[in-house]
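Residue numbers (UniProt numbering), protein chains in the order written: chain L, 1 to 354; chain R, 1 to 354; chain X, 1 to 354; chain D, 1 to 354.
Don't take every hint at face value.
Said to hold, decoys possible - Each computed DSS-like pair below joins lysine-lysine, with the alpha-carbon atoms no more than 27 Å apart:
no.	chain 1	residue 1	chain 2	residue 2
1	R	K169	R	K129
2	D	K225	L	K129
3	R	K169	D	K225
Don't read these hints as lab results, they were simulated from the structure.
What follows is the residue order along each chain.
Protein chains: 4
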Amino acid sequence: MPQPAAPARHFASDNYAGMCPEVLAAMTRADASGHEPAYGDDRWTQIVCDRIRELFQTDCEIFFVFNGTAANALALAALTQPYHSILAHALAHIETDECGAPEFFSNGAKLLLADGPDGKLTPDAIAAKVTARSDVHYPKPEVVSLTQATEVGTLYSVAELRAIAAMAKRHDLKVHMDGARFANAVAALGVHPSEITWRAGVDVLCFGGTKNGLAVGEAVVFFKKEQARDFAHRVKQAGQLCSKMRFISAPWLGLLDDDVWLRNAGHANAMAARLHSAIRDLAGVEIMFPPQANAVFARLPKPAIERLWAQGWKFYDFIGAGGCRFMCAWDTTPEVVDRFAADIAAAVSAAATG
Amino acid sequence: MPQPAAPARHFASDNYAGMCPEVLAAMTRADASGHEPAYGDDRWTQIVCDRIRELFQTDCEIFFVFNGTAANALALAALTQPYHSILAHALAHIETDECGAPEFFSNGAKLLLADGPDGKLTPDAIAAKVTARSDVHYPKPEVVSLTQATEVGTLYSVAELRAIAAMAKRHDLKVHMDGARFANAVAALGVHPSEITWRAGVDVLCFGGTKNGLAVGEAVVFFKKEQARDFAHRVKQAGQLCSKMRFISAPWLGLLDDDVWLRNAGHANAMAARLHSAIRDLAGVEIMFPPQANAVFARLPKPAIERLWAQGWKFYDFIGAGGCRFMCAWDTTPEVVDRFAADIAAAVSAAATG
Amino acid sequence: MPQPAAPARHFASDNYAGMCPEVLAAMTRADASGHEPAYGDDRWTQIVCDRIRELFQTDCEIFFVFNGTAANALALAALTQPYHSILAHALAHIETDECGAPEFFSNGAKLLLADGPDGKLTPDAIAAKVTARSDVHYPKPEVVSLTQATEVGTLYSVAELRAIAAMAKRHDLKVHMDGARFANAVAALGVHPSEITWRAGVDVLCFGGTKNGLAVGEAVVFFKKEQARDFAHRVKQAGQLCSKMRFISAPWLGLLDDDVWLRNAGHANAMAARLHSAIRDLAGVEIMFPPQANAVFARLPKPAIERLWAQGWKFYDFIGAGGCRFMCAWDTTPEVVDRFAADIAAAVSAAATG
Amino acid sequence: MPQPAAPARHFASDNYAGMCPEVLAAMTRADASGHEPAYGDDRWTQIVCDRIRELFQTDCEIFFVFNGTAANALALAALTQPYHSILAHALAHIETDECGAPEFFSNGAKLLLADGPDGKLTPDAIAAKVTARSDVHYPKPEVVSLTQATEVGTLYSVAELRAIAAMAKRHDLKVHMDGARFANAVAALGVHPSEITWRAGVDVLCFGGTKNGLAVGEAVVFFKKEQARDFAHRVKQAGQLCSKMRFISAPWLGLLDDDVWLRNAGHANAMAARLHSAIRDLAGVEIMFPPQANAVFARLPKPAIERLWAQGWKFYDFIGAGGCRFMCAWDTTPEVVDRFAADIAAAVSAAATG
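Input sequences plus hints: build the corresponding full structure.
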C-alpha cells in the first residue's frame, strides 16, 4: 500500500486534486445512514435536487451522471438526432478531448466547428455556419454548444451569452452549456447562476462537480422540462445510473452548503490570477489568453518547458508551439504558486542565456 | 441536511448497503495523497491492477468503470459487431434490467434468449439456439453471456462452466461472465477465482465491486489480451473513464486486502442461508430456487407480502405470481434476519387464517 | 452470359419474381427522359408522390427507400429513441428476418414480443406487455408494429386494426405498419387503402412495392407530418437516398396506373386460394393458418417435403416441425399451381405408403 | 404521365444521366429469366462477381449495395470501431456530402480532415495527423480514405497511391478508396484496375456503377478476405441487401461486357477535356484544378453564373466564391459541350462589359 506522499500540487489539471474536506465529510455522512433505496430513490438525492433548483431559482430537471464526458454527450444526444450537427468552437472539449463521445451517444451527429477569439463562439460565426448549407447531404444544425468557463480559461459575459442565444433562437437551435468549470465562471463573473444559464437562454447545463472538489460526478440540468423527457431512461441505458446514488448526490451538499462551491472556485481563480501577475511580464513568457478563470495559458521557450518538467512540475502543453496550460485547483496554495512562478522565471531566464 | 437514521437493513438489494469500513478507509487514504495524475496514471490504480492480476494468477487486462451496466455493455460491445447476437438466459440482468444497454453500446446486437433450470444456461440450450439459424437474415451468434452468481441466487459449478465453455468454443463463441456477485460465487463455491473464470474458459469477467462493499465501480477483466485491444479508447468514448480514477480504483484495496471481499460475500451468503433455514419449512412459503449465494427466492401469499411491505420491510417481488426476492448484503445482521424471518412467519400464518 | 431459362415458377417467395411488364415499361420510359435532376428533384418523383397522396386521400409525406428492411427500420427509428421498445408479434419480420436492423437504426431500441393467434397482435396482448414494467431498467414501450398482410398470410380486419390502434393510443403508443404485402391485404379485404391505415389509426405505413412487381423499392408513408420531421435527412444519412431517384419512383406508376398493383396482388391471392383448395383436404396435409392473402402455410410429412425439393420445387420450411410456406407471386400461373398441387398430392401419398 | 422531353444534357452531375443502353438491355434480360432465387443466390450475381474478380485479377470478396453513401459508410464501418478516426481530405465526399453516414454506420467514428493540393491527401499530411495525438481522449486513427478520381476531378497517380499506402502501413492504417468515379480514373490513367487498387496497397474499393451508367448500385470490393468477415450480415442489417438482387447485379454485365464501363468513362473524360479546351483561355474564366477526369472546375464572374442558370443550364457552384463544377456524363454529347462552351463565352464576355 503506497504511503500518502507529502501532498504535491501540480498545474496539469484541476482533476489532479482530491475531494475538498466538506465533500469527504458529506460522503462519509451519507455512508453512515445505513441502507438506502438505490437508483436515486434515497433521501439525499431528493434533497440535493431541491437545493440545485433553489440555486437556479427555477423548477429545472436534474440528473446525476458520473463524469463530464457522459454529461455532455448525453445532454447533446437528448437534443439531437443522428443526422443533426452541433455547433462548437474548434477548441471545445467535446471536439478535442472526448474521443468522439458526442458522436457515439448521438449515433452520428457531427460537430460543426467554428472559430472565434479567446476560445469563444460569436453570433456571427454561428450564423455563418448555419446558413452555409441547407441541403440533405449535410447534417442539419440543431444545437449550439458553449463552454463556460472556456477551455482556454476565458469567460462569456452575460451580454455575449444573450447575443449568442438570440442568434441560436433565430435559427431554431438549442443551447447547451458545458459547465465543467461553471463554478469558476460564476465566481469570476460575480453573477447569479441563473444569469448565465436559463435567464440568458441556455437550455441545458452540464454542471461540473469533479473539478470543483467532488470525487466523481456531474449534474445535468435541464431548464426546459420537455427536453428532459425520458432522460432517466437514457441515463440508465447509457450506464450512467448509479445504483448507490447517494454517493454521487450527497457529496454535492458538501459543495452547496455555505457556498463552498463558490469559495473553491474563487480560490482557484485567485491562484491563477496570482500566477499570471507573477509571470506575465517575464521576458520569454507570452500570455495567450486573458486569464479570466482558473487557468493561465502562456507561451514559453521549449528549453524552459523541459526544464520545468524535469524539475517535476506537471502541466500540459497546448496546441503545440510552446503553448502551456497552467491550471489551478481548489487546493492550489499561494506558496506553490509562488514557487512555480519562481521556477518559471528561472527557466525562461536560463533559456534566454542558454 | 437529513440526520442519519438508525441504520435500517432491508432485503431489497445488496446495493442498498453503503461502503464497508475498509473501503471508506481506502478511499479516505487515497484522498489524502494530494495531487495525483488523472485518468488512471496514478499510483493507486497501478497497484490495484497488479493485485487483481495476482488474484487471478494470470496477466490479464483490467479496466475500471462506474457500474455494472457499463461493465457488461462495454465488454459485450468489445466482443461483438452490431449484426451479432449474444446468448443469454431469459432471466439475465442484461436482458431484464439494463434498459437495452447491450443493444445500445453494441449498436444493435441482439440478445438470443434461452431457458434453463435455476436461471442457468446449459450446453444443449446453447447448441440449440446457435444451430437454429445460420442465414444472413438473423444476427450471428458470437458470445455466450453467463451470470455468476445468477440472478436467482444459484451457481454454476466448475464442471458446468467447463461444459458450457467447451460448447461455446465448438461454435466459435466467446464467453462473457456477468460477475456482479462474483465474490458471492467464489465464497460459496470455495474455489480459486481462476477456476471459475479463465481456467474454465471464460474470456471476460465483469467483476462486481458495488454489491460487495464499494460505493461505485466495477472492474472489467480481459483474460485474452487481444480482446482488450483499444478498450481504453472504448471506455473513454463511453463516458466511463474516471478522471480522478484513484477514487474508484483505490477502494478496491479495501476489498482485496485481507480478503475482505470474500469475508463480505461469505457473510452475505451466510445470512441468506440463515434466512432460508428459518423460513423454508413454513406453511405458505415455497422456496423457488436453491439458495446458493446471497439471495432467497420464495413464493408467499399476496396478503403476506403486503403485510411485510406495510411493516416497512423492503424487498422486490419477482416475475409476478407471489415470487419474492430477499437479498442479503455484506452488512445484513443475524438479528435483522431473525426479525425478518419472524415477521414472515407471522405474515404467512396470518394469511393462512385471515 | 446465362441464357434466360424457361421461366420457372417457385413458391419460395414473391421476391423470386421479376418486374411486372408495366413496371419495366415505366422504368424504360423514365430512362428515356434524358438528364433528370437527382435525389428526387425529378418530375417523376413528384408525380408519384402526388399519386400516392391521392390513393390514400390525405396529404401524407412520402419517401422512397430501397427495400423493406430499410423502410421498416428507418420508420421505427423515426418513432423511437434508443431506450424505447417496439411491440411486435413474435413472428414479425422485423424480429425474425431483418438481422437486427430495427435495433441498429434506432441505436438500441428493443423489440417487445407478444404472441397472438394467426400471427396477429391483440389489444389485450399489447396492454399486458405495456403495463408489465414501468421502471427505468427496462425500455419504455413507444410503438406498436403490425404487419398487414401478416407473415403467416393472415389479415387484420378493419375492426381489429381499430381496436389495436385504440389500445395503442390509450398507452400513448404510435402505430407502425409493415406493409411489405399491403397490396395483398387491400385486394383481399376489398377496402379502401385509407380504411386500414390512417382512418384506422395507423401513423406510418411501409408500403411494399418489390413483392408487388417492382425491381427495387418501397415507400414510407407518414400520415402525421410532424412524425416525418427531418426524415429526408435520416434517409440520406442511412444510405437510402437514391441519386437517380426516378428509377425507384417512376416504376410505381407502372403499379398505380390502372390499378395494376391491385390486379397483381389479387392474382397472387387467387393463386394461393387455388393452391389451398387443391391441397387442404389431402391426407397428410395440415393447413396451419387461414390463407387470407397470397400464402399457404401447411404441415407436410418430412419425406414429402424432401421429395418436392428434390423435384426442384423451391419453398421455405417454416418454424421447423414440417411447416412449409408456399408463397404466390404476381406472375404465378394456374398451371404451375396445379402442377405443384399434383406433386404435393403425390408426395404426401407416397409418404403415407412409403 | 409526363412525356419524355427532348433529352436535355446538363453539367450538374453525372447522376443526372440515365442508364446506358447496354445496362438497360442487361436489366431487361435478367428480368426475362423468370423466377430467380433472392438475396444474391441467383445465377446473375455469381457471374458478375466472377467477372469482377477476373477484372481485378485477384480473389476478392464482392458485395452489391444500393448507393455510394452506403458503400463507403459500410466499408468504413467494417474497418473501424466507434472510437477510431478516418483520415480524409477536407473535400472528401464522405465529409461533405453524406450527411454523417460514416459516423452513423460506424456508430461514432470521427473524420480527421487533412488538406492537400488538388483535393489529394499526401503522405506527409497523413503522418502529421496521425502522430499529432496518441492519448485516449482522441479517436485513434485507423483508416485512410482516398477518392479516386477525387471530388475536384483530379487523379492520384500510381506512385502517389503507393506512397500513401506505404505511409498508411507504417502507421498501421487500412486504406479505403471511394471509387464513385473509379472508371473515370482507370480510363484516364490508362492503367490496369489492379494497379491503382490492391497492387498499390488499397484494402477496400467502393466501385461506383451509378455514375458510370447504372440505374442503381455500387460494388464493395474487399481485397483482403479477412476484412470482409461477416460483411454479408452487415449489409443485410444495414438495409442494403437487395431481395431481387439480379436487378442490381446483372446490369453490371452491361458495363463489363466489351469494356463499356471504360468506354463510358473515357467518353465523359473526353467531354470534360473538350469543355476545358474551349473555355480555359476565356478572359474571366479561371480553371481551379487540373481537369484529369470528367469534371471541369472553373471560377466565373457571378453575373455569368446567373446568366447561365437563367438560360436553363444546370450545374453546381462549389465552395462559394464563384467556383463552378461542370460534370460530364457517359451521355454528354460534343454538341451540348460546344453549345455550353459558347454560352459560357458569351456569359463571361457580357459580365466583363456589363
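So, going through the hints one by one against the coordinates:
1. R:K169 / R:K129: holds (15 Å)
2. D:K225 / L:K129: Violated - the C-alpha atoms of L:K129 and D:K225 are around 42 Å apart, more than 27 Å.
3. R:K169 / D:K225: Holds. R:K169 to D:K225 sits at ~23 Å (cutoff 27 Å).
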